[in-house]
Amino acid sequence: MSSSLNPVDYIGRTREQYSALGYEAYHWAERPDTPPWVPLNKSLEESRILLLGSGGAYQRGQVAFHWKDDTGLRLIPSDQPATDVRVTHFAYDLEPARSDPNIVFPLDRLNELVEEGFIKALTPHSLAFMGGIYSIRRTEEELIPAIVSEINTMETEIDLALLVPV
Amino acid sequence: MGLVARALEEIGIPTLVLTAAHSITKSVNPPRAAYVDMPLGYTAGKPHDKEFQKQLLRNTLILGTAIQTPGTIVDTGVRWSEDSSWKEAASSGLNNGVVSAEGDTRSERINTPQYQSEEDRKAAEG
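As given, the protein sequences belong to chains L and G, one line each in that order. Following this note's numbering, the numbering of the first sequence begins with 1 at its first residue and continues without gaps. Following this note's numbering, the numbering of the second sequence begins with 1001 at its first residue and continues without gaps.
Hint data in this document are derived by calculation from the structure and do not stem from the laboratory. Please read these numbers as outputs of a predicted model, since none were measured by experiment. Some clues are possibly wrong.
[Claimed, not checked] Label pairs and their in silico Cβ distance ranges:
1) Ile1011/G x Arg138/L: 31 to 39 Å
2) Glu115/L x Thr1112/G: 36 to 44 Å
3) Asp1049/G x Leu75/L: 25 to 33 Å
4) Met154/L x Gly1126/G: 25 to 33 Å
5) Gly1126/G x Thr83/L: 19 to 27 Å
6) Thr153/L x Glu1118/G: 28 to 36 Å
7) Gln80/L x Thr1112/G: 25 to 33 Å
8) Ser1107/G x Thr34/L: 31 to 39 Å
9) Arg137/L x Ile1011/G: 15 to 23 Å
[Said to hold, decoys possible] Listed next, the in silico EDC-like pairs over lysine to aspartate or glutamate satisfying Cα-Cα at most 16 Å (straight line):
10) Lys1050/G x Glu116/L
11) Lys1026/G x Asp33/L
12) Lys1054/G x Glu112/L
13) Lys1026/G x Glu116/L
Built from N, CA and C at the ideal position, the CB exists for glycine as well.
Can you make the complete structure from the sequences, with help from the hints?
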């Protein structure tokens, strides 16, 4: 990382802000162990990618997420334009993402990279959910099993999962 | 997102997490992550700037898939701006960079579906 790079310390800021507001300290997930690791065995141009976004995307006609620890999952057809994707979330400014959903759920750009041959394909469906689930337990016991179950029903091989949070 | 990435690797799927929140990603420590120096809410680029968005994804995919050591966060080189003054007022989803007792700008966490528009509600609920 370049020396000029100075990422915003969101954990530190949130800690200070919670303290100023008199809230109890927020506990971020900490996983200091070596993460699990599956090697990549295909080049990008041979890879089929599964997009997962936690910006609260849903498709017109689907029930929108609610804002209180919604651990639901929405399947978004990958071949539709991102303009048909809606977004809802309680913790970021939605106006820019509603104007161009690609900034949180980059379907159009990924489809263009497929057309260019940069990647091979997207899975027929992409997965959308809403981050800001303030419970590690519910993330692990509700959201993650739902994602795993959905992936297990997908009939195409997945070479890489690309995860896009907000 | 890091917890999801870890769970997917456990079932045999290689993952790559795009992130604009370096400290949060470092804490949860997913196997592969690519950092973009962007405000929250703009993880995958600037609105309506197709070339910026596509270059962000190209950098992310090339550099992220080249990671050899589990737990690496690679810098994509993608920047919101050469001028970093936006970080002073960067929204954390909680405030606008100003620590104060009035600074919680999150929307109320309502437990009913929050549609983008009334028209969406009708399309979903009839």
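Right, here's what the structure says about each hint:
no.	hint	verdict
1	Ile1011/G x Arg138/L: 31 to 39 Å	violated (20 Å)
2	Glu115/L x Thr1112/G: 36 to 44 Å	holds (39 Å)
3	Asp1049/G x Leu75/L: 25 to 33 Å	holds (28 Å)
4	Met154/L x Gly1126/G: 25 to 33 Å	holds (29 Å)
5	Gly1126/G x Thr83/L: 19 to 27 Å	holds (23 Å)
6	Thr153/L x Glu1118/G: 28 to 36 Å	holds (33 Å)
7	Gln80/L x Thr1112/G: 25 to 33 Å	holds (26 Å)
8	Ser1107/G x Thr34/L: 31 to 39 Å	holds (38 Å)
9	Arg137/L x Ile1011/G: 15 to 23 Å	holds (20 Å)
10	Lys1050/G x Glu116/L	holds (14 Å)
11	Lys1026/G x Asp33/L	holds (12 Å)
12	Lys1054/G x Glu112/L	holds (8 Å)
13	Lys1026/G x Glu116/L	violated (33 Å)
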